[in-house]
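One line per chain: the protein sequences are W and Y, in this order.
Using this note's numbering, you'd call the opening residue of the first sequence number 1 and step up by one each time.
Using this note's numbering, you'd call the opening residue of the second sequence number 1 and step up by one each time.
Everything labelled a hint here was simulated from the structure, so no lab data went into it.
All values derive from a computational prediction rather than experimental measurement.
Warning: the hint list may mix true and false statements.
[What the hints assert, rightly or not] Lysine-lysine pairs mimicking BS3-like chemistry, simulated, CA-CA at most 25 Å apart: (1) Y/Lys166 <-> Y/Lys204; (2) Y/Lys109 <-> Y/Lys15; (3) Y/Lys124 <-> W/Lys54; (4) Y/Lys87 <-> Y/Lys124; (5) W/Lys256 <-> Y/Lys45; (6) W/Lys89 <-> W/Lys337; (7) W/Lys304 <-> W/Lys316; (8) Y/Lys41 <-> Y/Lys166; (9) W/Lys326 <-> W/Lys337; (10) Y/Lys15 <-> Y/Lys45; (11) W/Lys256 <-> Y/Lys10; (12) Y/Lys45 <-> Y/Lys109; (13) Y/Lys2 <-> Y/Lys41; (14) Y/Lys10 <-> Y/Lys45; (15) Y/Lys5 <-> W/Lys49; (16) W/Lys316 <-> Y/Lys5; (17) W/Lys49 <-> Y/Lys87; (18) Y/Lys109 <-> Y/Lys124; (19) W/Lys49 <-> Y/Lys109; (20) Y/Lys15 <-> W/Lys54; (21) Y/Lys2 <-> Y/Lys45; (22) Y/Lys15 <-> Y/Lys41; (23) Y/Lys41 <-> Y/Lys109; (24) Y/Lys124 <-> W/Lys394; (25) W/Lys202 <-> W/Lys89; (26) W/Lys256 <-> Y/Lys5; (27) Y/Lys109 <-> Y/Lys14; (28) Y/Lys45 <-> Y/Lys14; (29) W/Lys202 <-> W/Lys304; (30) Y/Lys87 <-> Y/Lys15; (31) Y/Lys5 <-> Y/Lys87; (32) W/Lys337 <-> Y/Lys204; (33) W/Lys321 <-> W/Lys89; (34) W/Lys89 <-> W/Lys54; (35) Y/Lys14 <-> W/Lys89; (36) W/Lys256 <-> Y/Lys2; (37) W/Lys394 <-> W/Lys221; (38) Y/Lys87 <-> Y/Lys7; (39) Y/Lys166 <-> Y/Lys87.
Below are the chains, spelled out letter by letter.
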Amino acid sequence: MSEMKNYTLNFGPQHPAAHGVLRLILELDGEVVERADPHIGLLHRGTEKLAESKPYNQSIGYMDRLDYVSMMCNEHAYVMSIEKMLGLKVPERAEYIRVMFDEITRIMNHLMWIGTHALDVGAMSVFLYAFRERETLIDCYEAVSGSRMHATYYRPGGVYRDLPDTMPQYLDSKLRSEEKLKEINENRQGSLLDFIEDFANKFPASIKQYSDLLTDNRIWKQRLVNIAVVSPERAMQLGFTGAMLRGSGVEWDIRKSEPYSVYDQLDFEIPVGVTGDCYDRYLVRMEEMRQSTHLINQCVAWLKANPGPVMSDDHKVTPPKREDMKDDMESLIHHFKLFTEGYCLPEGETYTAVEAPKGEFGVYLVSDGANKPYRVKIRAPGFAHLAAMDEMSKGHMLSDVVTIIGSQDIVFGEVDR
Amino acid sequence: MKELKQKLSKTFGKKNVNEAYGELTLVINSDDVLEVCQRLKDEFKFEILIDLCGIDYLTYGESDWNGNASSSGFGRARQVQKSTNQKDQRFGVVYHLLSVSSNQRLRVKALLATDNLMIQSVTKIWNCADWFEREAFDLFGILFENHNDLRRILTDYGFVGHPLRKDFPMIGEVEMRYDEELQRVVYEPVSIEPNVNVPRVIRK
């Protein structure tokens with residue numbers, strides 16, 4: 001019998017379990033992974049270079065496209081870094097709207113994650129249920145910004161506009177009966193806040209549904225428990241953040257430790273794992289969804305009680321009202337200046353981080369006093385997580401690699417930038 | 001943070017520690033990077049390297065409207081200008097550190113001599129520096145000494161140049177298409193023209 005040698009396997013970039021365009025070069029000994037070498041950059045669009053050539057506001061849209069399943073959280077980091085350097089005050093209502101949408105985004109991200117993760121590991125139905133709920137949240141995005149995914153809703157100084165009073169409704173169609181139409185429009189009778197509240201009330205039952213399908217599922221546990229165990233020391237050494245770090249038992253959440261926006265006025269808890277395996281990371285993210293629902297409820301209650309402005313009235317940075325421009329010279333000048341040249345930031349540098357669903361999403365902004373950033377460095381959580389792929393998959397089976405990719409919650413928009 | 005600032009000033013010299021926007025920056029000599037980072041990790045308990053990136057200061061503080069704009073009008077803004085800056089220390093490496101135990105952040109900045117783009121790798125101190133250093137090498141051409149695996153990471157296989165340098169054009173150098181006759185992908189010089197819609201201005 002001839003001796004078996006190690007062989008190299010090319011995994012991806014067009015593999016459904018690669019979550020996008022990951023190319024993994026795996027060195028296998030039989031079915032056991034000896035070395036994993038991820039090749040990234042297939043989705044590199046040069047976001048940082050592009051941002052250097054555009055006025056500050058024009059790059060907000062690029063932030064959506066980084067981590068394209070947690071759009072508004074990315075915007076939040078970028079917008080906050082500009083506000084920090086300008087010393088701009090944001091109205092409280094805008095802060096609550098931002099927090100509410102950050103948490104909606106977190107749930108959206110985790111629904112996407114649970115769906116695809118379960119699908120990769122072999123549970124088809126969770127994917128369908130998760131995307132059913134995700135659709136409702138995408139409708140919230142659409143109602144508030146007109147766009148289902150790439151919202152560009154946060155602006156330096158606040159949010160683009162206040163929450164709408166009505167929700168768009170499904171129209172009459174030959175394909176559905178009148179009763180059905182009435183049923184699907186039922187939660188759309190009030191304002192967006194009513195719609196979100198209705199979702200937040202129903203959502204815990206949905207989480208329970210996913211949990212019933214997975215948490216005690218024998219196959220799910222066989223595939224996740226004790227896979228890719230990362231000790232807290234290693235997790236810090238490898239630069240983990242977010243659910244990956246908490247899954248390893250390190251209690252660290254930027255929303256608690258360095259509270260931004262109005263997180264310090266809200267009540268929530270951070271779940272922490274024990275063993276640091278894929279199953280713990282799964283449990284942490286499931287609990288995060290429950291906490292996010294709780295946060296959304298608090299924000300909805302506050303927003304219903306406190307109307308007010310949602311955009312700063314410093315018109316050097318935010319556009320003036322259209323009606324003011326008709327008879328106010330200064331508003332007209334502000335508008336013209338803002339849309340032709342933009343605004344200049346003072347010279348300096350800042351690093352601003354938010355707790356994005358995947359971990360710490362940071363923006364390192366360097367300004368030399370111009371109307372365009374001198375350097376924007378985007379710190380994507382997935383980049384550090386994917387770098388640990390080699391260590392996490394070593395000694396595991398080929399099929400576990402898929403579990404690990406799912407557990408890391410990789411999105412290539414942010415890894416490749 | 002005050003405590004940290006005092007402690008840092010005491011250890012590394014007062015003029016090297018700056019505070020702005022509630023963030024601390026420690027400026028170090030690029031030769032001392034290993035020693036300083038080791039101390040920051042051991043004594044100051046910065047367990048996590050959050051981010052490492054390069055920066056190119058070639059055109060820092062330059063705007064598109066420096067010269068006599070009216071003589072050439074709008075076209076001036078559309079042309080990419082060659083920088084005349086000569087800098088002894090053009091590139092820098094910026095480290096962002098985080099201490100989970102004391103909830104502190106610190107930025108460490110090392111400027112590199114333009115004629116010697118070498119700096120010691122910190123992969124031994126923080127393992128996650130591996131990919132971040134590869135990225136800085138790829139995008140800026142900064143060389144990290146004693147890095148085990150300094151390959152390109154984000155750009156294409158066989159890419160030439162370092163795209164985030166300020167003298168690398170926005171539109172790139174080459175474009176790619178499939179050649180029917182040769183039956184393969186060919187690279188050619190770019191055919192598009194650079195276009196700047198909003199000129200860069202500095203107003204104080």
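Cross-check of the supplied hints:
Proximity of Y/Lys166 to Y/Lys204 is assessed by CA-CA distance (about 23 Å); at most 25 Å being required, the pair is judged to hold. For the suggested pair Y/Lys109 and Y/Lys15, the alpha carbons sit about 13 Å apart, so the restraint of at most 25 Å is met. A threshold of 25 Å between alpha carbons decides the hint, and for Y/Lys124 with W/Lys54 the separation of about 38 Å lies outside it, so the pair is violated. Simply put, Y/Lys87 and Y/Lys124 have alpha-carbon atoms about 31 Å apart, too far for the 25 Å limit, and the pair is violated.
In summary, the hint linking W/Lys256 to Y/Lys45 is supported, as the alpha carbons are separated by about 20 Å, within the 25 Å threshold. The hinted pair formed by W/Lys89 and W/Lys337 meets the criterion: a straight-line CA distance of about 21 Å does not exceed 25 Å. A threshold of 25 Å between alpha carbons decides the hint, and for W/Lys304 with W/Lys316 the separation of about 30 Å lies outside it, so the pair is violated. Using a Cα cut-off of 25 Å, the hinted pair Y/Lys41 and Y/Lys166 is violated, with the two alpha carbons roughly 32 Å apart.
Using a Cα cut-off of 25 Å, the hinted pair W/Lys326 and W/Lys337 holds, with the two alpha carbons roughly 16 Å apart. Of the supplied pair hints, the one linking Y/Lys15 and Y/Lys45 holds, its CA atoms being roughly 22 Å apart against a limit of 25 Å. Among the hinted pairs, W/Lys256 with Y/Lys10 is inconsistent with the structure: their alpha-carbon atoms are about 30 Å apart, more than 25 Å. Among the hinted pairs, Y/Lys45 with Y/Lys109 is consistent with the structure: their alpha-carbon atoms are about 18 Å apart, no more than 25 Å.
Between Y/Lys2 and Y/Lys41 the CA atoms are separated by roughly 19 Å; this keeps the pair inside 25 Å, and the hint holds. For the suggested pair Y/Lys10 and Y/Lys45, the alpha carbons sit about 16 Å apart, so the restraint of at most 25 Å is met. Restraint check for Y/Lys5 and W/Lys49: the C-alpha separation of about 33 Å exceeds 25 Å, so the hint is violated. For the given pair, W/Lys316 sits about 34 Å from Y/Lys5 by alpha-carbon distance, which is inconsistent with the 25 Å threshold.
With a CA separation close to 21 Å, the supplied pair W/Lys49 and Y/Lys87 stays within the 25 Å bound. Our distance criterion of 25 Å between C-alpha atoms is met by Y/Lys109 and Y/Lys124, whose separation comes to about 18 Å. For a cut-off of 25 Å, the pair hint linking W/Lys49 to Y/Lys109 stands: about 21 Å separates their Cα positions. Our distance criterion of 25 Å between C-alpha atoms is broken by Y/Lys15 and W/Lys54, whose separation comes to about 34 Å.
Note on Y/Lys2 and Y/Lys45: the hinted pairing holds, with a Cα-Cα distance of about 16 Å set against a maximum of 25 Å. At roughly 21 Å between alpha-carbon atoms, Y/Lys15 and Y/Lys41 fall within 25 Å of each other, so this suggested pair holds. Distance check on the hinted pair: Y/Lys41 and Y/Lys109 sit about 16 Å apart at the alpha-carbon level, within 25 Å; holds. Distance restraint check for Y/Lys124 and W/Lys394: the Cα-Cα separation of roughly 20 Å lies within the 25 Å cut-off, and the hinted pair is therefore satisfied.
The straight-line distance between the Cα atoms of W/Lys202 and W/Lys89 is roughly 35 Å, outside the 25 Å bound, and the hint therefore fails. Note on W/Lys256 and Y/Lys5: the hinted pairing holds, with a Cα-Cα distance of about 23 Å set against a maximum of 25 Å. Of the supplied pair hints, the one linking Y/Lys109 and Y/Lys14 holds, its CA atoms being roughly 15 Å apart against a limit of 25 Å. Restraint check: the Cα-Cα separation between Y/Lys45 and Y/Lys14 comes to about 20 Å, which is no more than 25 Å; the hinted pair holds.
Straight-line distance between C-alpha atoms of W/Lys202 and W/Lys304 comes to about 19 Å, which keeps the hinted pair within the 25 Å bound. Using a Cα cut-off of 25 Å, the hinted pair Y/Lys87 and Y/Lys15 holds, with the two alpha carbons roughly 22 Å apart. Between the alpha carbons of Y/Lys5 and Y/Lys87 the distance comes to roughly 30 Å, so the proposed pair goes past 25 Å and is violated. With a CA separation close to 15 Å, the supplied pair W/Lys337 and Y/Lys204 stays within the 25 Å bound.
Pair hint W/Lys321 plus W/Lys89 holds up; C-alpha atoms about 18 Å apart against a cutoff of 25 Å. Simply put, W/Lys89 and W/Lys54 have alpha-carbon atoms about 24 Å apart, close enough for the 25 Å limit, and the pair holds. For the given pair, Y/Lys14 sits about 32 Å from W/Lys89 by alpha-carbon distance, which is inconsistent with the 25 Å threshold. Between the alpha carbons of W/Lys256 and Y/Lys2 the distance comes to roughly 21 Å, so the proposed pair stays at or under 25 Å and holds.
In summary, the hint linking W/Lys394 to W/Lys221 is supported, as the alpha carbons are separated by about 20 Å, within the 25 Å threshold. Among the hinted pairs, Y/Lys87 with Y/Lys7 is inconsistent with the structure: their alpha-carbon atoms are about 32 Å apart, more than 25 Å. Taking the CA atoms of Y/Lys166 and Y/Lys87, the gap is near 13 Å; set against the 25 Å cutoff, the hint holds.
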